[in-house]
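Visitor: Next come the chains, spelled out residue by residue.
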Amino acid sequence: MYLALFLFPWMLMYGLSTLMMNHRAIFIAKYGRGPAPFEKERELTYQGSFPENAEPQLVAQQILDSLDLDGAHTASRRKDGAIVINRNGLLVPRRLIYTPSDRKIVMEKMQYRANAMLERYHRRRGYATGYGVDTAWAISVDLVIIAMVFWVLSGLWMWWEMKVTRIAGALAVLTGSALFALFLAAI
Amino acid sequence: MTLSHFNRRLHLYLGLSLLPWFFMYGISSLPFAHNQFFEKRDAARKLPLWTVRLDRPLDLAVPEGEENLRALGASLMKEAGIESASYGVYRQSPTQVNVYAYSFFKATQVKYFIDRKILTVEDRRFRWDHFLTGMHARGGFEQEGVLQDSWSVIVDIVSGGMIVWIASGLYMWWGVRGHRLWGCLAILSGTLSFALFTWRL
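Top to bottom, those sequences are chains A and B.
Sequence positions in the first sequence follow our numbering and run 1 to 187.
Sequence positions in the second sequence follow our numbering and run 188 to 388.
Just so you know, not all the hints are guaranteed correct.
Claimed, not checked - Estimated spans, in silico, between C-beta atoms of each pair: (1) A:Ser-49 - B:Trp-369: 51 to 61 Å; (2) B:Arg-364 - A:Arg-24: 25 to 35 Å; (3) B:Ala-272 - A:Pro-100: 47 to 57 Å; (4) A:Leu-171 - B:Ala-272: 21 to 31 Å; (5) A:Leu-171 - B:Glu-329: 27 to 37 Å.
Derived by calculation from the structure, the hints in this document are not laboratory data.
By construction, the Cβ of each residue, glycine as well, lies at the ideal position given by its N, Cα and C atoms.
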């Protein structure tokens, strides 16, 4: 019970996000295909310096640190030499474009869409980023997985303990399992 | 029947009916959460994931826009001799259209190279992790079949079921006075942790 009470925000998020993802067509009709567009947030001149031929990853790390935006991100160098940093924020994903020639940073944030935000929660992993908070999130997702399997097993056990619900419960389990098997075989 | 009694029965029977889905979503989350582990494990077997079944010339008109792409996908599948009610069509590049036809156990990829006028069909090797993730990710109402839509309706019921379980679980917990304090602490710590993740991630 306490595990379920602790994990209820995760379960609520997974329930709501699955509903949204199952009805993605509604959002495609509303917003069109593809991710939400980025909109300019601010522009600034970067005061720090980088070693010569610095790798995009190093540049990204330094810029994110200086802007207090450190966290899971990817970085790449465009053909024109600009460094593009995608900061994979859960609430607000950001894109920062640093142009070495004039030391300008253009900071953009992704337009807010509730369905996209819930989908980011749903799809968020974490072990590979190297950030402690991402690893902690990944552990919490593992905990949800363990809890779901545990609830199935403990639920079956609790049901079996209540003699009065055995027949109706068995019918429910059998109907659900037969339907699941039908889907497995037919689609 | 009292509200409390109804609530307990709803919690129980909804859970028992949807048990296979709930179990599947739990187990199939593992390959998603530990994708690198499963990929490394499979790579060690050194087996190709896709095997070419067919490679032949085909002259087919390809529409410019995205509107008739699905119809083109159906034609390509027919040319390839594939009968699958579930498929997706997308442009891999300006000169290539891909059709991904799938069931829970099998997946086939049809590639049409527009400039070379070549049709290629590849079958995917069965992998348990793909089988599980395929079930997990299945949903939406874009496919034409009744069974396909029925699966998606069940996905809706499972998602709604999760919300009902939360609400009915909270109601049941509140009914047990002895657990209120510790329950409040569990809810509070869970909510705070979740809020902290939201803020920091």
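Visitor: List in ascending order the numbers of the hints, as given earlier, that are violated by the structure.
Guide: 2
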